Each structure stands twice: as structure tokens, then as C-alpha cells.
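Engineer: What follows is each chain in one-letter form.
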Amino acid sequence: MKREYTPNDFRNGSPVKWCAGCGDHAIFNSVLKALPEVADRLDIPRENFAFISGIGCSSRFVYYMNTYGFHIIHGRAAAIATGLKTARPDLSVWVCSGDGDSLAIGGNHFIHACRRNIDLNLILFNNEIYGLTKGQYSPTSKLGKVTKTSPFGTIEEPFSPAVLAIGAKASFVARTIDMELDLTKEMLVEGACHKGMAVTEALVNCVIFNNKTHADYAESKAIREERTIRLKHGEKMLFGAERNKGLVLDGLKLKVVTVGEDGYTLDDILTHDAHTEDTALHTMLASMRYPEYPVAVGVIRDVARPTYDSEVTRQIAEQQEREPNKTADDLFFGGETWEVK
Amino acid sequence: MSTVIRFSGDSGDGMQMVGNLFSESAAFAGYGVFTFPDYPAEVRAPQGTVAGVSGFQINFGTQAISHHGDKCDILVAMNPAALVAHSKYATATVTIIVDSDNFTKEAVAKVGYDIETLTEQLHLEECNIVEAPITQMTLDAVAAFELDRKSALKCRNMVVLGMTLGMYDISTEYAKKYITHKFATKNELVCRANISALEAGENYARNTHLVGEHHEKMGANALAKGVYRSINGNQAVAWGFIAAAEKSGRPLFCGSYPITPATGILEELAKHKALGVKTVQAEDEIAGICTAIGASFGGSLAVTTTSGPGLALKSEALGLAVMAQIPLVVVDVQRGGPSTGLPTKSEQADLLQAMYGRNGDCPLVVLTAHSPADCFDKAYMAAKIALERMMPVVLLTDGNLANGTEPWRVRGVADMPSITPPIVSREELAEKAECFNDNGLFKPYSANENLARYWAIPGTEGLEHRLGGLEKKPIAGSISYSPEDHATMGALRAERVARVAEMVPSVAIEGATEGDLLVLSWGSNVGKVSEAVAQLYGEGAKVAHATVELINPLQRGVADVMMRFKRVLVCESNSGQLASYLRSIVEHGDIRSLADMGAQPFAVDTLKKDILANLN
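Going down the list, the sequences are from chains A and B. Take the first sequence: its position 127, counted from the start at 1, is 166 in the working numbering, and no numbers get skipped. Take the second sequence: its position 194, counted from the start at 1, is 201 in the working numbering, and no numbers get skipped.
Chain A with its partners taken away, still in its complex shape (with noise of 0.2 Å):
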């Protein structure tokens, strides 16, 4: 019989530990809302979730879910993930892990993953730092930001979590914010439910190593309002709290402009196609910047695409077909084989 749940069956009760405003809680009950859902729309009990953890400040998740969990080493969640998801095509498998353990030692498995489309649930918890070793830049910090190991600011160019996975191809690419919980939540639901890699990033304040990191266009409502954009599938691209601002292709580069401003009709702003393989109108929102562009937030791609675990399926069956009931026995005594009498 199909059990129902709410949020509190998905936690085990542990007390969490994160720091006061810490964006994590938010994202962590945002999770335990979507849960329920999840398990109703895929039609699966509690006990084929399992979250995978890597190491980081957002990787103690796995700890406070009352679901199968392996807090794992760091950077290679999404390998262990790979494995579990290839094994267990049943599971609703789902990755924990920061702009640290995934990008930078982890970065291989997760382009990796991205690349063969295997059917996971990653949450990127982006904070642009490295909070659990107490402040050191990451590979998302802003150019020039001053931490522990950048005194001087930061010399190197950061990752955007979301232009790498569609970069490495994954099938579907979300951006939230942690106080959008109801956002966050729908994007969660939607990728656990999406066939194939779900890379949802989500820009978490680190309250005492990087406080503010995305305020510019996350502190507010009202800020979220005219500095971020939400895409929606089939929806045109506009913004603003009177959703007059949008965007439109100007020669190859995006460009904001106010309907009825400058000549700007509605009919000129674009409409998303989150569905189209084509990864370059993805890549050009997914790379927008405040204060140039609106920060986009959303599903950015969501296309169909065979995944790895369910092509791995089909070979076994189709090989099994090919030679059904086959056994240890018959590969070990088939073949080129002698007897001595």
C-alpha cells in the first residue's frame, strides 16, 4: 500500500549543528518539504532514498535524514553516487555537496557524472568559501575576494556551478537562493523527477566566513525582485517587480532592456526553451552577472536524454534476451574446453 509522509518522517530527529543563519537550514528544510512529493510522484517508499554526502559544511546533511545515508570522503559523492544509482536503478539517489567538494577535488567526478547522465539529485551548495576549514576562497569566490589563503584578493577566476554542468552536458540544470524556499523546493522536485543529472545550485550565505556573499541580489525580496530572474519553460524573460524589464538577443550577447523603452516590445523579449539541447542560450544565462545582467534562477535546462543507469538496464536485458537463463556453470564449461580421462 502507498504510504504518505510529511517533512518530520524524513529527519531522525539528530540536532543540527549548523551555525545560526546558515543557509544550509534553509535548504535542508526545503528538502524535507520536498521529500513527501518526491515520493509520491516517483511512487517510492522512504526507504529507496539514499543521500550521499562528500565533506564540507553542507555534506553533515546526510547525518540529520532519516532515510539511507553515507557521508562519505571529500570530492567523490558523485562517483559513490555513480555507483549506488548504477547498481540500484530503484533508488531515488541524491548528492550533498559544496562549491569545494565538487568543483575543485571533486571536480572530475562531477563533470563526469554531468557527462553520462546518470539519474541523480545534486545540491550544490554554493557559498563561494570554504567554511568547514574556517575561511579559505574556493573555486567560486568572486575574483579578488580576501580570505585566509587570498590576503591580497583572489587571482584566479571563479566557476559558475551551473555554466560547468551544462558545460559537461547535464540534462538538467536549475539555480535557487536559499531563502526562496518555496523556489528551492519546487526546483528539487522537479530535479529528483527529472530522468537523468539534476545539478541544482543554490547560493547559501556562509553567515561567518563569507556573510552578504550574495547579497547583492539576494538579500531581499525586493532586491530578488529586480536582480535576479526567474525562468520558467515556455515563459518570456522578464524581471522587475512591475515585470517590465527583459531580455533579448542583441547580435550573440544577452541584453536587458524595459518593454516600451527604446522601441522594446513584449514580442522582442526572449522566450526560455529550457528543453532544447542547444547549450548556448543556457550558458549565456546561467553566466549572467549582477550588476550586468539579472542573476538567473530557475530551471535553466531541462532536456530529455537517455541516462547511464537506465542504458546499463537495457544492455543486461537485451544481452540476457540473447542468451536467457545463462549461468556461472555454462560460461566456465562452454567454449574451448578438454577432458582428461
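Calculated directly from the structure, the hints in this document are not laboratory data. Not one of these hints is a red herring.
Over 10 Å on every C-beta distance to chain A, these chain B residues come out as not near it, computed from the model: (1) V50; (2) K193; (3) T351; (4) A459; (5) A606.
Each computed DSS-like pair below joins lysine-lysine, with the alpha-carbon atoms no more than 27 Å apart: (6) A/K173 <-> B/K480; (7) B/K280 <-> A/K234; (8) A/K380 <-> B/K184.
This one's a predicted model, so the numbers in the text were calculated from it and none came from an experiment. Glycine included, every Cβ here is placed at the ideal spot set by N, Cα and C.
Position chain B against the provided structure of chain A, taking the given hints into account.
Structural biologist: Then chain B, alone, in the frame of chain A:
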């Protein structure tokens, strides 16, 4: 009585194939065989150069053969480069068969010799050199099939095969069956051309009365009754896992990254999707072991295969498997090191890496295989230990075992030992209140009487739990940094490994039961060391040999047997790693090391001298 034959030629001359077919034909005829491919790391070095020479050695004889022999009695050299590169592997009275068509002034000059003085320069004056026009014979034999010259010349190795089989009256039936199977559906003409070349070679041997060394003494009755097949170590490892998966009811998963000389295991497993085997060719060595750990968490028999450099990369994840009590088999097919080292040469220098190469006190089971066929048994045993005791096991093989072949007596899975992983359901644990906390949640480090963590596989209702690499409170499995818990868990990790000794048979001793000298060996050296000791024992020396199969925990009986001898000599292809380890755990005052660091197999005759030197 045994004879050693070595084939050598350009990398493209098909020497590996002729070697394999000769050994399989000999085995088919009832001989004991053991092979040793000796090929360069480069895929196709320039033709006719010493760097491009590929060799294949076979030791075959009237009894079961346990190694590939020392120097060869018969050497086939397809060109001057092959002769120059491999004549050093020949006995002083070797019969050398050369393709005389290829021994031109220019070809000999290309490798830096003068055709007039070649035999003197290579010190081959006492050899019996057979100058056979192999190229011309091939062209004549296949003329009827109108192949282009390049395709025609590809049949040269079949002339060689026919010739050498003919020298020993070994039937070409097996080879013909193989050729027909390989080519018949692809290219009928090529198939017939190869068979014609094979027959031409056989006729040449008979017509010229070319008779092999020891030929008249070699009746073939080497093997016990049973069904046999030729198997190499990599294939045997793969099949051992396939058998263990079927026996245990756990699906088989292999996550690996290609690396010489281990790749053959991944390649073999990738073929068997019909048996439900899943393989992931991972993005790197770390992902190889991590995908395996993930699959194991999900309930699979999970393995990862690698060589020394890859084991180094996997070490952190191995520590996680120890910490989280994850069943896993890591196969290290050792090659020469350090660093990239000697990819195609064999060494035993990863032993201490396997033992100690992790952060923290991180004990795990280290098991070894000592012959290609034994690779099957040890892979099976490694899987049984991993699954029943919920722990990672490192299985050490090496390049010689991986590529060497010998006859393997085939057994059915029904005749193999049982494998019973401690899989549990909520109902099965209902009586065990100690497995649940006050809130009714499962304590993930609950264990059975063998200290094996209960395996609650995702999808099992009511046993949801979290594992991890952080130190844990015993049984409860919550994070704990307390000194008491860390000490308790550390002792538990050691005890879990120690208890595995009971799963592996005690060491077997060959020769004297007590006396002056015990010789120990492991891995691919066992065959030669065992034979050297057997010969000395037969000559009256109070010497014995034992094979160390389980290194951590130390196999039962090894320490006791050592104490019955005045001296212990450990023969191994490294700087003395097993000897050093034994000195650290066995209180015996005279443990000596016979260490060879040349990344080449021991030779029986030099071994005998070295052992004698330690005997007196």
C-alpha cells in the same frame, strides 16, 4: 621432464597468438603447460628493431607445470632483431629456428650486427640453428587463395605453429578448430590460408625430421581427471568474481580505470552482461573504487581492479571502506614501480603499500594468488571474506600471473564453498532490541557473532541508517570523537581483520617438516621457488618450502612452521618486504631475505645456488 620453447618476432608477427595456440594444443594433448608472455610496453615499435620484439615462452611437460621455465630449449626467431633480443634467454645447446628469408645483410645490419659473424657475436656457436625459409613457405602455402602479400605474410605464424607442433607430434586438431572458429564466418579464404600454412609447417617438420628437445621422453599424462581449459590470471580473477556473485546471490559490479596489467579483468567482466555483470569504466582510479563502494552500499558484490599506481590513488577511499565496514575487493595486479615504473614487467613491491598505505591505523585483509588458476580460487575467497565479514580485501596478483596461462580444472558453482552475507531485514532483527535506539531507529554498526556489520541494504524498510568516514560510537554509529570510542573502534577494526585467519586453510609445507632452512615465497614466484626447494630436498637437504597466501592476518601455521626451522629465507621480487613484515610480527631470530629487484622472474638454477648458500 619438461621443455621450454620461446617464440620471438616483431610485435605484429602474431607471436602471442602462436604461443597461446601452442600451449593450448599441448594442454589439449595432455601436457602440463605454463606460459609467460614477454612483450614490450610500446604498441608497435618500429619493425625489425630490438625495441619492437615480442616474445612468448612456454614450459610444457609430462607432469603438472608450476612455472614458465628458465632458459629455453627451442627458440623461434622471426627476424634478426628477435634473435638479438632473445638469444640471451636460451640454453647453450638451444635449437634455434630462424626465418632465413629475413636474415638479410641489411636486416642484420639494422640491429647493429654483421651477418658473417652474427653467431660468434651472439655466442651461438654450440647451438643447433635451423634455417627455415618460413616467409617463402608461407607464400607458397597460401598462393592458391590469392591473398594480397600483406595478408599472406600474416600466415607466417601458422607455419611456425605447425612446425613446432610437428616437432613434438602434437596434433594440430585444436589449432584448426580455433582458426575455423575465428575466421570461418569472417573470411573463408583467410581461414583456409591459415590452415594451409599450419599444415605446411607441420609437413616441413616431419619431412626434415625436425625433432624437439626431450621429444622421445615426453609422454603426455600430466593432469588429473577432469574438464580443463586454458586460463590466464586476469580471466581467472574475473571468473572467480562471477562465481562468487552467483553463489552469494549478490549482483556483481566492477568500477575500474584501465591500467596495465590489470585492464584484462575489466575487459573480461564487461563482456558478461548476460550474467548481469555491471561494469563502469570510471573517470579515474578514485572513481573506480568509489563507484564500487557506492554499488556495495547498494548491495552488490563490488570490486575494483588496478595496479600499483592506481592502488596509491585508491588509498583514501579504501580507508573509508575500512571505516564504514563496506564489503569490497580491490585487485592489485602488481607491476614494476615506483611511479609509472615498468608497466609490462612484474614485481611484488606493492605488498607494504597494500598493508600500510593509508592514513590512520587502517588494517585490512591482504590475500595473494600464486598461479593463474589460483587467481580464480583467491578471487572467490576474497569475495567470500569481503561479503561475509563486511570489509575490504586487497587481492595481490601480478603481471606474470595476469598474462601467464595454465590449464584450469573447471568446477561448477554448486561445488564451491557457500557465501552467506549478513543481510538483514527489520523482521529478522525484531528479537534483537540492542540493534535499535530508544526511538526505534536502527543502530548501523550492529554486528553478528563474527563482528560483521549487519548489511541493511537500501530499500529495506525500517532499517534506514547513515554510514560515514567520521569516527563512530560503537554499535550506535553516531559520530563520536571520544577517546574511549576511538580506542574501542580501533581495536574492533584490528580484531575484525584478525578473525579472518579462521576462514583460510593453514599453510601447507613441502619437504622437510623441521630442520635447517624454511623457504617462503608468495605470488608468481611460488612455482619456481617450490621447484628449486623440491630439487634440493630430493638431493638430501633438510629444507622445506611454504607458500604464504594470506599475509594479513598472517595465515595460520606460518609462524609455527617458521619456529621449527633454524633459518627462514623469504624469496620475493622486491627489496624484502614480506621478510621485513615477518620480522615485525614473528619472533624468529634468523629471517633472511632473498630479494630480486630486477623485475624479472627467478630462475630455478640460480635459486638453488642461493638457497644452498643459506643452508650451509
